[in-house]
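Enquirer: Sequence:
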Amino acid sequence: MLRNFQEVIDKAQQLPLTKVVIAPAAAKEATSGGAIEANGLARVILVGEKPVGEVSHHCQWIRADDPIAAVEKGASLLASGAAEIIVKGQINTSDFMRVLLRKEYRLRQGKLISHVAVVEMPQLKRLIIVTDGGMVIEPDEKQLVQIVLNALPVAEALGMANPRIALLSANEKVNENFPSTVRAARVVASLQRQINGHISGPLSLDLALSKEAAAIKGIQDPVAGSADILVVPNIEVGNTLVKSLVYFAGASMAGILVGAARTIIVTSRAASEETKLYSVALARLVNTTLVDKKINSLSFTG
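Under the UniProt record's numbering, the letters of the sequence shown match residues 1 to 302, in that order.
It is worth saying that the hints were derived from the structure and are not from the lab.
Note that the structure is predicted; figures quoted are calculated from it, not measured.
Glycine included, every Cβ here is placed at the ideal spot set by N, Cα and C.
A couple of the hints might just be wrong.
[Unchecked claim] With a Cα cut of at most 20 Å, we get these calculated PhoX-like pairs of lysine-lysine:
{"no.": "1", "residue 1": "211", "residue 2": "125"}
{"no.": "2", "residue 1": "173", "residue 2": "217"}
{"no.": "3", "residue 1": "19", "residue 2": "73"}
{"no.": "4", "residue 1": "125", "residue 2": "243"}
{"no.": "5", "residue 1": "73", "residue 2": "50"}
{"no.": "6", "residue 1": "103", "residue 2": "73"}
{"no.": "7", "residue 1": "211", "residue 2": "173"}
{"no.": "8", "residue 1": "11", "residue 2": "125"}
{"no.": "9", "residue 1": "50", "residue 2": "28"}
{"no.": "10", "residue 1": "111", "residue 2": "142"}
[As the list claims (entries may be wrong)] Restraint ranges, calculated between C-beta atoms of paired labels, are given here:
{"no.": "11", "residue 1": "1", "residue 2": "38", "range": "21 to 29 Å"}
{"no.": "12", "residue 1": "40", "residue 2": "206", "range": "37 to 45 Å"}
{"no.": "13", "residue 1": "189", "residue 2": "82", "range": "41 to 49 Å"}
{"no.": "14", "residue 1": "18", "residue 2": "272", "range": "31 to 39 Å"}
{"no.": "15", "residue 1": "82", "residue 2": "159", "range": "25 to 33 Å"}
Using the sequences plus the hints, can you model the full thing?
Expert: Below, the structure is given as C-alpha cells:
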C-alpha cells in the first residue's frame, strides 16, 4: 500500500509518458506544467492566450483567445485521445465543467461524476481518501452509493486491496433527527455484500480514525479506527474537512474527478504547486487501474 505522496509520484514515474492538458493556462499554469514535466509524470499541453513564463517552452503551447475557448480546445484534445488528463486552470469550476460536459466531447458516461481527495497526514503516517467534497452538493442515497463506488478505483490504485469505508455523520447511532445517519445506514446495507472490503456507518470522524476513541466508546467494528475512505454527507462537510486538514494539520492533498470518460483535475485556484503535482500523479495511477482492471464499468444495480 502506498503510504505517502512521494511513493505515489515514484510509482507514476514508472508509467509510460502520456499527455496532460492544462486549460486555460497563464503564468501559474506554465510553472505547474514545467514541474509536471520535470518530474517525469507527463508531457504537458498548455492552452491559453499567449506563452507565459520561463518554463512554458518545455511544454507544447496551443493558443486560445479566451478562457472558454481554451477549455473547448482542451476538451477536444481529451475527446480525440490526444490527451489523457485535463487540469483546470484560471477559470471558475462551474464554467470549466459546463464546457467539458457538452455532448460533443463525450466525457459524460451516464453515471455520477464525483470528487475524490487523497490526503497525507503526518499524524496518521498513511494516505486517506475523502469524498465527495468538490462536486455533488447534497447527495441522496443513490448518489452516495455511486460516490462510494467511484472511490474504489482510487483506493485500488493506492494499493488498498480491501479498503475500510466509513460513512460519516455526527453520531454513530441512526437517528431520524439526523438524516445523514439514516442515509449512511441505508448505503451500508446496499453495499456491504457487493464490494471487497469493509463498509460501516454512520460513524463519527473520531471513531473512523481513532482506535482509542472506538475502544472508549465500546465500538467493535472492522472500520473503526482504521478507515481508508471517508464518505462525507455533503459537499460542505467534505470541503471543510479537507481544507481544515491542510491548513490546520499540515496535511498534503491531491484531488481528481472520477466517473467521466477521462480523468479531470479540478483544484482550487489557490492550490499549491505540490497539490497539482500530486493530483497528476494520482490521476496517472487511477487511469492505469481503470484500464487494467476495467473498473470503469462498475456501477450500482441493486
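Enquirer: In ascending order, which of the hints set out earlier in this document are inconsistent with the structure?
Expert: Failing hint: just 14.
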